[in-house]
Amino acid sequence: MAEKHPIRGVLAELDSPAALLTAARRVREAGYREFDCHSPFPIHGMDDAMGLRRSPLGWVVGGAAMLGVGSAILLQWWTSTVDYRFLISGKPYFSFQAYVPVTFGFGVLFAALAAGLGMLHFNRLPRLHHAVFSSERFRKVSDDGFFVSIEVGDRLFDADRTADFLRSIGATHVELLSD
Amino acid sequence: MAAPHPADAPLIAGNQTFGTVTERISRLVEGRTPRAWYIVFAAAFSLLLVFVGTIGHLVWTGIGIWGLNVPVGWGWAIVNFVFWVGIGHAGTLISAILFLMRQRWRTSINRFAEAMTLFAVLCALMFPAFHVGRVWVAYYMFPVPNQMSMWPNWRSPLLWDVFAVSTYFTVSLLFWFVGLIPDLATLRDRAKTKLRRLIFGVLAIGWRGGNRQWRHYELAYLLLAGLSTPLVLSVHSVVSTDFAVSILPGWHTTIFPPYFVAGAIFSGFAMVLTLAIIARRVYHLEDFITVNHLERMNKIMLVTGMMVGYAYATEFFIAWYSGNIYEIFAFVNRATGPYAWAYWIMVSCNVLVPQFFWFRRWRTSIPVMFVASILINVGMWFERFVIVVSSLANDFLPSMWAYFKPTIFDVSMLVGSFGLFFTLFLLFIRFLPMISMAEVKSVLPAANVHGSHHGSGAVAASSESA
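Chains as they are written, first to last, in this note's numbering: chain A, 658 to 836; chain B, 525 to 990.
With the rest of the complex left out, here is chain A (with noise of 0.2 Å):
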């Protein structure tokens, strides 16, 4: 049995947003590192809980909006002024007060297509298939459920001490997930 379905980790309910703070902060104390805590929607101080800390993210985006704003001047210097030079009511070739509008278009683009893309990325996703869907009692957690699941990888992992700590904790009920 345990070999056609290798255990991935316990999954454990909880019973209010309140409560599964408490326990992020409990299970992080015992010393778990490969843990998540599951919400229907983001609970306010669970960073700090879990011991996460801040989104990269932001760099991401200020690099890509970077890079939108140069590529855009570039685009911008090089039609007007090297491959297609026209003369336009006697403005100079390179007007850079009008190109003001495209450049911050790019750059706005860029940031937003990152911020997006970068989410997917450091969420890896999009994915088929996690082992916490495995569990039938795990749908909840896009209605009303809270969950903490602690996966194998963990060095502290081990089935049964991991599932009574989660139970000594507050978890209302405590189950094992495989594939």
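Some hints could be false.
What the hints assert, rightly or not - One-sided and incomplete, this derived list gives chain A residues near chain B with beta-carbon spacing under 8 Å:
1. H695
2. P699
3. G702
4. M707
5. G708
6. T738
7. S752
8. A755
9. L766
10. A769
11. M776
12. L785
13. E793
14. R796
Unchecked claim - Pair ranges (Cβ atoms, derived):
15. G747/A <-> W868/B: 36 to 46 Å
16. R556/B <-> D817/A: 47 to 57 Å
17. A859/B <-> G702/A: 52 to 62 Å
18. E691/A <-> R658/B: 56 to 66 Å
Think of the hints as simulated: they come from the structure by calculation, not from any bench. On a predicted model such as this, the values are computed, not experimentally measured, just so you know. Each residue gets a CB set at the ideal place from its N, CA and C atoms; glycine is no exception.
Got chain A sorted already, so can you dock chain B onto it with the hints?
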């Protein structure tokens, strides 16, 4: 004690729990389609067919089927373009600017306001695209290498428009989809049939609500809101420069960018209100879209309406103060000339109608605000009409003047674009959750894990009164 101040009332009424929020909103998508939906959809779809037919005729015959004449080379196409772009702005304002300002009442209305933005911008894009006449060479506007080794003219505001509006559409679409992901996961988890599970499973891209995901998600959402905010101000400013950089009297004014943005937000809120009133009535969403929400939107309309009125006054003052006879004529002519009827419709709808919202009684009356929201949209369409047509029709030389008369195809194109808008909107409210479940849950008192003294004002107040 007096009745509690509306700002202290709970954001969501009816003692909702997380479960009831999911149930109430998902049911709209999962349950039987109301008969009213089919009736309205049939009407909207018929108008869409009119739109498609008109476009077919337009492409086949050319833009001569419109009522354009020699001075008025830009007629209803640009009027409708500016009108629809403006409608879109309230959606972005609600979803981005109010989000950054921590206005938590936005959660009930942001989803369909964003959808409205997308569909309105799509309608807007139709008009310049087909106004170029040969729509199959519209790609000339984009900087793609071509056989003529030509590049676009980056100094042209019309080109800035292409980039501003297409960026606006792309960013709005992204923002909307990112906001939808947690709710798509809800629909996936509730799906009963294989087909629904497959569709929503793909759309939800494997979302599992873990905090490791939420922390990237929340930052992405915040960044998208931050990026959309300058877009609200820039898109319509760029649209206004189409006019302002010309030398035509009545167009060549520096007030145009802020004036257009204020008008856009004004008309956009009117459209959100029209749709919200219908949706809450048909789908019984009174608990989620409370009178409190509607009243706040009315206050915004009162403010932006007065900004628009102020702009009308400023235009007249500056025309007089400039001492430029053409400029003075353009404005006097607007109010007293051949288009005076349009001008006074505009002033009555945009300046006088919102003044009713000074009074709480009218601000909270559904029939009053419904009529007002429609009148404001009519007025804002006429504002663009007055700007575009009256300036073009009576410019510097009286020998060049001509009166603009729309043809049946001008009318069918405008009416048809409403068909496109409403068809898309109806499909949206039928197949996707029109209220953001994840966000509504996060403003319920039960979601506040820190007790009332820590949360923001609105949350603290709602948890105390619950």
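Now the hints, each set against the structure:
1. H695: Holds, because the Cβ-Cβ distance from H695/A to chain B comes to roughly 5 Å (cut-off 8 Å).
2. P699: holds, 4 Å
3. G702: With a minimum Cβ separation of about 7 Å from chain B (threshold 8 Å), the hint on G702/A holds.
4. M707: M707/A check passes; min Cβ-Cβ to chain B is 6 Å, inside 8 Å.
5. G708: Result: violated, 11 Å to nearest chain B Cβ.
6. T738: violated, 11 Å
7. S752: OK, holds: S752/A within 8 Å of chain B, min 5 Å.
8. A755: Nearest chain B Cβ about 4 Å off; hint holds.
9. L766: holds, 5 Å
10. A769: Hint on A769/A: holds, closest Cβ of chain B at ~4 Å, below 8 Å.
11. M776: Check passed: Cβ of M776/A comes within 4 Å of chain B, closer than 8 Å.
12. L785: Cβ of L785/A sits 6 Å from chain B, so the hint holds.
13. E793: Hint violated; E793/A Cβ to chain B Cβ min 10 Å, cut 8 Å.
14. R796: With a closest approach of 4 Å, the R796/A hint holds.
15. G747/A <-> W868/B: 36 to 46 Å: About 42 Å separates the Cβ atoms of G747/A and W868/B, which means 36 to 46 Å holds.
16. R556/B <-> D817/A: 47 to 57 Å: Distance hint for R556/B, D817/A holds at roughly 48 Å.
17. A859/B <-> G702/A: 52 to 62 Å: Holds, at about 58 Å.
18. E691/A <-> R658/B: 56 to 66 Å: holds, 60 Å
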